[in-house]
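Sequences are here, hints too, so could you generate the full structure?
Each protein sequence line maps, in turn, to chains P and S. Heads up, the first sequence is in the numbering used here, so the first residue is 66 and it goes up one at a time. Heads up, the second sequence is in the numbering used here, so the first residue is 10 and it goes up one at a time.
For the record, the hints were derived by calculation from the structure and aren't laboratory data. No experiment lies behind these values; they were computed from the predicted model shown. Misleading hints may appear alongside valid ones.
Unchecked claim - Example chain S residues on the side facing chain P (calculated, C-beta under 8 Å, incomplete):
#1 G51
#2 L52
#3 Y57
#4 F99
#5 P115
#6 Q116
#7 F118
#8 G119
#9 G121
#10 L124
Said to hold, decoys possible - Distance windows between CB atoms, simulated:
#11 S:G12 / P:K121: 17 to 27 Å
#12 S:R86 / P:D83: 39 to 49 Å
#13 P:K122 / S:M50: 28 to 38 Å
#14 P:E82 / S:L127: 34 to 44 Å
#15 S:P17 / P:V149: 21 to 31 Å
#16 S:I24 / P:H140: 37 to 47 Å
#17 S:M28 / P:I112: 20 to 30 Å
#18 P:M70 / S:N71: 21 to 31 Å
#19 S:P48 / P:M70: 11 to 21 Å
#20 P:S117 / S:G25: 50 to 60 Å
#21 P:G106 / S:I21: 13 to 23 Å
#22 P:R103 / S:P70: 25 to 35 Å
#23 P:G81 / S:D47: 24 to 34 Å
Beta carbons: idealized from backbone N, C-alpha and C, even for Gly.
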Amino acid sequence: GQQVMQIPQYQHVQEGEDFTTYCNSSTTLSNIQWYKQRPGGHPVFLIQLVKSGEVKKQKRLTFQFGEAKKNSSLHITATQTTDVGTYFCAGPYSGGYQKVTFGTGTKLQVIP
Amino acid sequence: NAGVTQTPKFRILKIGQSMTLQCTQDMNHNYMYWYRQDPGMGLKLIYYSVGAGITDKGEVPNGYNVSRSTTEDFPLRLELAAPSQTSVYFCASSYSRGGWGVGNQPQHFGDGTRLSIL
Numbered sequence: 066g067q068q069v070m071q072i073p074q075y076q077h078v079q080e081g082e083d084f085t086t087y088c089n090s091s092t093t094l095s096n097i098q099w100y101k102q103r104p105g106g107h108p109v110f111l112i113q114l115v116k117s118g119e120v121k122k123q124k125r126l127t128f129q130f131g132e133a134k135k136n137s138s139l140h141i142t143a144t145q146t147t148d149v150g151t152y153f154c155a156g157p158y159s160g161g162y163q164k165v166t167f168g169t170g171t172k173l174q175v176i177p
Numbered sequence: 010n011a012g013v014t015q016t017p018k019f020r021i022l023k024i025g026q027s028m029t030l031q032c033t034q035d036m037n038h039n040y041m042y043w044y045r046q047d048p049g050m051g052l053k054l055i056y057y058s059v060g061a062g063i064t065d066k067g068e069v070p071n072g073y074n075v076s077r078s079t080t081e082d083f084p085l086r087l088e089l090a091a092p093s094q095t096s097v098y099f100c101a102s103s104y105s106r107g108g109w110g111v112g113n114q115p116q117h118f119g120d121g122t123r124l125s126i127l
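Here it is, written out as structure tokens:
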């Protein structure tokens, strides 16, 4: 079945350092979404990428969709304590119809 | 708009008991979903619905049932609760203008129901 893996599983960084999480799919994706979940909270949609090689920025966050549309990355520049949480990527379920398969997630801890 | 509202927020059940987790959304979204999230893990799709009267199984449907009689409400029923169903349950909704090929739309999540079965 379709799998969406993320690495690393956990990341501790010093405040001000950069952070990157990678998302890899076993199948080609038509699009990919990224969500953030704060500790004790619910997932919140961040962005969606659709085009091969697409790069989108949201302030200190940079999202990239691979050329082959099988991988994606989220890079945070100069992390802040507000960036703490788990970041999930999500790709279309192989069965389609608005279902997504969530990645395994990367838990980010920022040390002040 | 309240968005997606889930009740209750917390619940403790005994093995073998049953309960219904409520979910309602006021965004007129046609798609609704139920996920479970075990501690430190990702989200697993339990059931989903593409509109009133239409539901389908996700990855982990065993032990659960759903119904969708209105656009707004999508309750999740647990029958004969088991310790393996201890988890956080999230309801989500999204809007789609069409079916396959349109592209996935962002999902809006409720705050979750934290369920323990002892």
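Hints broken by the structure, by number, lowest first? Hints 10, 17 are the ones this structure does not satisfy, whereas the remaining hints hold.
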